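Chains A and B, in that order, give the protein sequences.
Using the working numbering, the final residue of the first sequence is 403, and nothing's skipped along the way.
Using the working numbering, the final residue of the second sequence is 403, and nothing's skipped along the way.
Source of the hints: derived by calculation from the structure; they are not laboratory data.
The structure displayed is predicted, hence computed values, not measured ones.
Note that the list lumps identical chains together, so a pair holds whenever it fits in one copy or between two copies.
SDA-like mimics (lysine to any residue), calculated; alpha carbons at most 25 angstroms apart, straight line: (1) Lys400 / Val158; (2) Lys296 / Arg362; (3) Lys244 / Ala282; (4) Lys183 / Leu398.
There are 2 protein chains.
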Amino acid sequence: MTIDLTALEEITISSPSKIVMLVIDGLGGLPDRQTGKTELEAAFTPQLDSLASSAACGLVEPIGPGITPGSGPAHLALFGYDPTKFSIGRGVLEALGIGFELMENDIAARGNFCTVDSNGVITDRRAGRINTEKCAELCSLLNQIRLSGVELFVRPVKEHRFMLVLRGEGLSPDLNDTDPQKTGMVPYNASPRSAASASTAEIVDAFIEEAKKILRDHHPANMVLLRGFSRLPDIPPMTKIYKLKPAGIAKYPMYKGLARLVGMEIYSTNGDFEEEIRVMADRYNQHDFFYVHVKETDSAGEDGNFEQKVKVLEQIDRALPKLLALKPDVLVITGDHSTPALMKGHSWHPVPILISSPWCRHRGTKGFSESYCASGELGRISALDVMPLAMAHALKLNKFGA
Amino acid sequence: MTIDLTALEEITISSPSKIVMLVIDGLGGLPDRQTGKTELEAAFTPQLDSLASSAACGLVEPIGPGITPGSGPAHLALFGYDPTKFSIGRGVLEALGIGFELMENDIAARGNFCTVDSNGVITDRRAGRINTEKCAELCSLLNQIRLSGVELFVRPVKEHRFMLVLRGEGLSPDLNDTDPQKTGMVPYNASPRSAASASTAEIVDAFIEEAKKILRDHHPANMVLLRGFSRLPDIPPMTKIYKLKPAGIAKYPMYKGLARLVGMEIYSTNGDFEEEIRVMADRYNQHDFFYVHVKETDSAGEDGNFEQKVKVLEQIDRALPKLLALKPDVLVITGDHSTPALMKGHSWHPVPILISSPWCRHRGTKGFSESYCASGELGRISALDVMPLAMAHALKLNKFGA
Numbered sequence: 002m003t004i005d006l007t008a009l010e011e012i013t014i015s016s017p018s019k020i021v022m023l024v025i026d027g028l029g030g031l032p033d034r035q036t037g038k039t040e041l042e043a044a045f046t047p048q049l050d051s052l053a054s055s056a057a058c059g060l061v062e063p064i065g066p067g068i069t070p071g072s073g074p075a076h077l078a079l080f081g082y083d084p085t086k087f088s089i090g091r092g093v094l095e096a097l098g099i100g101f102e103l104m105e106n107d108i109a110a111r112g113n114f115c116t117v118d119s120n121g122v123i124t125d126r127r128a129g130r131i132n133t134e135k136c137a138e139l140c141s142l143l144n145q146i147r148l149s150g151v152e153l154f155v156r157p158v159k160e161h162r163f164m165l166v167l168r169g170e171g172l173s174p175d176l177n178d179t180d181p182q183k184t185g186m187v188p189y190n191a192s193p194r195s196a197a198s199a200s201t202a203e204i205v206d207a208f209i210e211e212a213k214k215i216l217r218d219h220h221p222a223n224m225v226l227l228r229g230f231s232r233l234p235d236i237p238p239m240t241k242i243y244k245l246k247p248a249g250i251a252k253y254p255m256y257k258g259l260a261r262l263v264g265m266e267i268y269s270t271n272g273d274f275e276e277e278i279r280v281m282a283d284r285y286n287q288h289d290f291f292y293v294h295v296k297e298t299d300s301a302g303e304d305g306n307f308e309q310k311v312k313v314l315e316q317i318d319r320a321l322p323k324l325l326a327l328k329p330d331v332l333v334i335t336g337d338h339s340t341p342a343l344m345k346g347h348s349w350h351p352v353p354i355l356i357s358s359p360w361c362r363h364r365g366t367k368g369f370s371e372s373y374c375a376s377g378e379l380g381r382i383s384a385l386d387v388m389p390l391a392m393a394h395a396l397k398l399n400k401f402g403a
Numbered sequence: 002m003t004i005d006l007t008a009l010e011e012i013t014i015s016s017p018s019k020i021v022m023l024v025i026d027g028l029g030g031l032p033d034r035q036t037g038k039t040e041l042e043a044a045f046t047p048q049l050d051s052l053a054s055s056a057a058c059g060l061v062e063p064i065g066p067g068i069t070p071g072s073g074p075a076h077l078a079l080f081g082y083d084p085t086k087f088s089i090g091r092g093v094l095e096a097l098g099i100g101f102e103l104m105e106n107d108i109a110a111r112g113n114f115c116t117v118d119s120n121g122v123i124t125d126r127r128a129g130r131i132n133t134e135k136c137a138e139l140c141s142l143l144n145q146i147r148l149s150g151v152e153l154f155v156r157p158v159k160e161h162r163f164m165l166v167l168r169g170e171g172l173s174p175d176l177n178d179t180d181p182q183k184t185g186m187v188p189y190n191a192s193p194r195s196a197a198s199a200s201t202a203e204i205v206d207a208f209i210e211e212a213k214k215i216l217r218d219h220h221p222a223n224m225v226l227l228r229g230f231s232r233l234p235d236i237p238p239m240t241k242i243y244k245l246k247p248a249g250i251a252k253y254p255m256y257k258g259l260a261r262l263v264g265m266e267i268y269s270t271n272g273d274f275e276e277e278i279r280v281m282a283d284r285y286n287q288h289d290f291f292y293v294h295v296k297e298t299d300s301a302g303e304d305g306n307f308e309q310k311v312k313v314l315e316q317i318d319r320a321l322p323k324l325l326a327l328k329p330d331v332l333v334i335t336g337d338h339s340t341p342a343l344m345k346g347h348s349w350h351p352v353p354i355l356i357s358s359p360w361c362r363h364r365g366t367k368g369f370s371e372s373y374c375a376s377g378e379l380g381r382i383s384a385l386d387v388m389p390l391a392m393a394h395a396l397k398l399n400k401f402g403a
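Excised from the complex, chain A in its bound form (with noise of 0.2 angstroms):
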C-alpha cells in the first residue's frame, strides 16, 4: 500500500529543515569470488559505518524484485517517481545525456548512423561503430538540414550514435521507430501512430530523405536509423509535491538533466565529491533539499574495476566530514542501482541506503554494507518509499487523515 503523489502532496508541509540526498550510482556490489567481499564491504569507510551504527539503515528496490534499472527509472523512482507510470523516451534520455536543454513540446529522437547497400538494405546498424570525432563531423553536416515549419537539433552521442529534435508548432512524438532493429531489411518509413502525429511523420521523413542525400559519399556511415521519438514527460515538480526548494548538484549531463526534470535548480560542477559538498556549502541557504550525485562507482563497475570502485567509495568516505559538518537535518545515503564490478553492467540486486536523523528508532548497523544494511531498522524498502521516508525523517509531512 503507497500513497500516490495527489495523496502525499496533501500532506507535505514547507519548513526549514534541511535534507541532503546522496546517491552513489552504482553503490551496491557483488563479492570477490576470492575475498567474499562486496566493493563496499571491501572499502575502508570508517565515516560511513560510523552514520550507519546511529542510523535507519536497509536495503532498496529501485523498481522490484529482479528488475534491473536503467539510470532514468531509478532516479525519477528516488525522487519518488513512479518509473512505470512515469517514462523517459529513449530520445529524451539521449537529449538529457548530452545535456540538450529541451524545451517543453520539443521531439527527441535517438539516432543511428548505419551502413546501407546499393539497394538500401541494412548492413550494419551500427555502421562498424564509426568514433565519436565522426560522429560529430557527420552531425555538423545534418545539422544544416532545414525544413520549413521547423527547427532542427542534430548533435553527436557516442560512435555512432546521435540525437535529433525537433522544434515546432503542432509536432507530436506518437510514431513508430524506423529503425526495423535487425540487417537485411529497408529502414521503415516514419509512420504515424494516430492523426494527430501524421505531419511530423512527414517531416521526419523529410528529414531522413536530406540526410541520405548528404551521407551519400559517407560510406560505412551513409543512413540514420531513428528510434524512440518522445517528448519530456509531463512530471509535476518536486517543488509542488514536496513543497521543496530542490537542489542538485552533478557532473554529468544525464544526471543533471533528470534533476532539471523533476523541478531542481542544478549546479554544474566537474569536480569531485569534494568539489560538489563546496558547491552544496555555497547554496545551503537557498534551498532545503539538495540531490548531490556521485558517478564515478557506477563507472568503476560498468569497467569491471572492483579495486577502481572501492578507490572511489573510500574517497567518498573521506570527503564526509565536510558534508557532516553543514549538518544537515535528514542525511540520506544510497544509490540509484547496484553495478557489480563482477557484473560489468548495471544489477538488479537491492541498494543499501541509510537515513540519518534525530528520528530514527537508532537501531542501527554495525556498519554500512549490503549485508549489514539487510538486517537494518528499513527492511526491505521501495525506491519510491525513499522521499517519503526523508520527508518524514525532516518532519515535512502532516498525518494522513484524520
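Got chain A; can you put chain B on it based on the hints?
Chain B alone, transformed into the frame defined by chain A:
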C-alpha cells in the same frame, strides 16, 4: 502483492475458531535518549515476551514507509480496508468521535465556532478556544434551528469544535468547505461541487444564516465555519467479507464508531483493559472475532509521558492471563500506529505485531519489542495483511485458485 476484498471474500470460510485482535493504540515508540530503550522495551512485560517467544512476530507499516496515519485510516487498514480507497471524511470522523449514530444518508460536517468583525471578516478561526461547556451551550441554541425538509443535529465536540449533521432526502456531501482556513477573509458560502449538491448547499447556507443571527451577541463565538462534508463510506461489512460475527470492545467513541462502520457489534465499557476482557468473556460464545481497543498508551504518548506509557503497557501485560484463559485460537496483538512519547504525537514508525496460534512457524523472538519484532518471522508487513494472516492462522481461508 495483495488480493482485493472481492477475491478475499471468495476464499473466506466460517468456522468455530476464534480470533482476538488486541489493538494497543500508539503501541510503537522511540528510544529514550538516555536509556536507548523504547516504551515497550522499558516496560516489564513478561507475558507479552513469553507470547512473542512462540508467536509469529513482525513489524506493521500502517499505511506505508514514512506515512503517519490518523486513527481512522490506521484502523481501517488493520480491519483489512485499504484507507487509500475507503476514506472517512472529517465530518464523519467527528460524528464517530462523539458517538453520534450516523445513518446511511446523513451528511456530517466538522464545525468551528469562530470570531468575525463587524464586516464579517474572520479574526479568529477558533473563537479564542471557548471552553467545552460554552460550546455545548451554543450548540443547544443552534440545535433549535428548523429548516424545511431536513432534520438537523448540532452537537458539541471540544472547545470551539462541534458537529453538524443533516438528515433528509436527496442530500449530497459534495460541497466545498465554508472555512477558508485563514483569518482576514469572509467565510465562503457552501458551494456545490456538482449539480446533485446544489440544494444541499442552499440548506447549509440557510443554516449558517440562522446560526449567524443566533450567535450575533455571543462574541467571541459569533459565527460558524464548516468543513469536511461527508457521508458514511460505503464499506462492505466484515460479516460479508470475512463471514465473521465480529465484536468491538472499546471505551472511546471514535473507536466504537470505526468498529460499527465495518459491521462489528459494539460493546461499550468505561473500565480498563481488565474490564474489557470481562466484557469479552461474557460475550465469548456469541462471536468469533473480537477487536479490543486500549487507548491509554496513545494518550500517554501524545502527552509525551514516557513513564505513563510504560505503566499502561505493564498493566496490559498483567491483565493478559485473563485473556489467555479464554484460549482464543488466534491472538493478534499490535497497534494502529506508533505514538512515541518523544514526539508527543502519532509517527510513521512501524508497529510491533505478534500473532499467536498453533499454526505459526514458531521461530518466535526473544521478546515483544520494536527491535525483536524487526527480525521476526513475519518480516515487515502492511496493515492490510493483518486480517488475512489472522484468518489464515484461524484456518478460515480456503486456497486461492486451484
